[in-house]
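Please build the complex by placing chain B on the supplied structure of chain A, with the hints as guidance.
Below, each chain spelled out in residue letters.
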Amino acid sequence: MAPDGTDRGSGAARKNHSDRFDRLPATTDERVVARRPTREAVLSWWDERFGIDPAIFEPYSFWERGGGKIWLFYGDVPSPVDIDGLGMLALRARQEHWKPTLEAVQRFGDHATRNCIHLSRPEAARFFAGEDQELDWDGDWGYLIVTHELAGKREPLGVGLYVHGELRSMVPKGRRRELG
Amino acid sequence: MTVLERYEPLVDDPDAFRAACERPLPAVVRVNTIKTTVDRAREALAEVGIASEQTDWHPGMLRLPEAQPGANWPYVHGWLHGQEEVSAVPAEVLDPQPGERVWDACAAPGSKTTQLAALLDDEGLVVATDNNMGRVSALRSNTERLGATSVAVTVEDARNHSLKPFATADDEPGPTTADGALYDRALVDVPCSCEGTVRKNPDVLDEWEFAQVEGVAGVQKGILRRAVQATRAGGTVVYSTCTFAPEENEAVLDYALEEEACELVEFDLPLESSPGITEWLEVTG
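Chains A and B, in that order, are what the protein sequence lines are. So in the working numbering, spot 60 of the first sequence is number 1142, and the numbers just go up one at a time. So in the working numbering, spot 136 of the second sequence is number 140, and the numbers just go up one at a time.
Estimated spans, in silico, between C-beta atoms of each pair:
no., chain 1, residue 1, chain 2, residue 2, range
1, B, 103, A, 1200, 28 to 38 Å
2, A, 1137, B, 278, 47 to 57 Å
3, A, 1160, B, 24, 41 to 51 Å
4, A, 1111, B, 267, 50 to 60 Å
5, A, 1141, B, 137, 23 to 33 Å
6, B, 41, A, 1137, 18 to 28 Å
7, B, 60, A, 1138, 32 to 42 Å
Here are some chain A residues pointing at chain B (derived, C-beta under 7 Å):
no., residue
8, 1159
9, 1163
10, 1166
11, 1167
12, 1185
13, 1233
Keep in mind the hints are simulated off the structure, nothing from the lab. Every residue gets a Cβ at the ideal spot worked out from N, C-alpha and C, and that includes glycine.
Next up, chain A with everything else stripped away, as it sits in the complex (with noise of 0.2 Å):
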């Protein structure tokens, strides 16, 4: 048996099934599904693209189940898992620029520290009704952590796509809604 629950000998082991959840490899060395991210490269990249500390998710456990749908899921439980729900959905990373889930974000979102665009309340309301707008940002290009203040707090509010001058809202059809 492989580190990560499966078995390196089996056909079955080394593709990704879309009907259970298989926990990520720590790292490459543990890796026998081809391509799937390793937990190392998940909070990597949590760390590097919006500076939250590795050390926030170290109860949590990754899963893949649907080639590159991430789930993060606290605590653990012995991998693979044939069952209908584990956890959030937290990232999608087939694609080379990973997306994170507004679920996610809006979980953990307070630990980042940067590709944070700050929304006022008639540009959050349009961003949360799924419209794009054009605004300034001096940051990176690509998937940004949108906040807005509520409460008397900058509270993360969801995932936008940053390109040419323009903030694209990347909140789910199910999730949008007309706000004042």
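Just chain B now, kept in the frame of chain A:
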């Protein structure tokens, strides 16, 4: 005889009982303490011009006298969840503690599941089971919106719930060698005839049939038995319904007390309540 008349021998004041069943329900939200605090949620509601009143028994349950829960800034941050006051009672009684392992046997759409996760400070394990794939999608969407990371979802018949996926090498073995670790607590909030939801759904009593009560009671007994078996010695199981019928309440507990290794225990709840009945003038005919 109407359905409610059936229960008049069980209540002190039948007129007050009927009047209570006709009163509409106020809009109520539970503050999701996985993502915020009660104070900040109230501050955010005030900031967006929504009045809220704390209920007298639970500081995190807020009545919204003038608004519906779903379309405001604290809601879209996952700070609020629309949930009736009475729906918040079973998880409070179960009182899970951080680090514990909890089973929610009939979990969808997840109001109580996410409340259990919040009571654990989202540090522990909530296994949320439901047998209806359609309702499970609502459960998953609620757990994600509320930011719960400690919830694992299984779609299966709770009467045959398997502990196996959640076993670890450190666990004590379960009641059979095929089982994983037992739960510290279980919430058995079963499907029922829903008579008590008459305040929000007056039609529920028009569709009432005694055969349905008898049928669902069999399912309830099976789920409660499995929950007792799946809970460790010294653990706690809470059984709850939203119906008045003693066949689905006291009679189900009687069955479990007879068939499984369990006993009734006292609990604290800052709400007026009455103990279950031990006999009933069954009306036949």
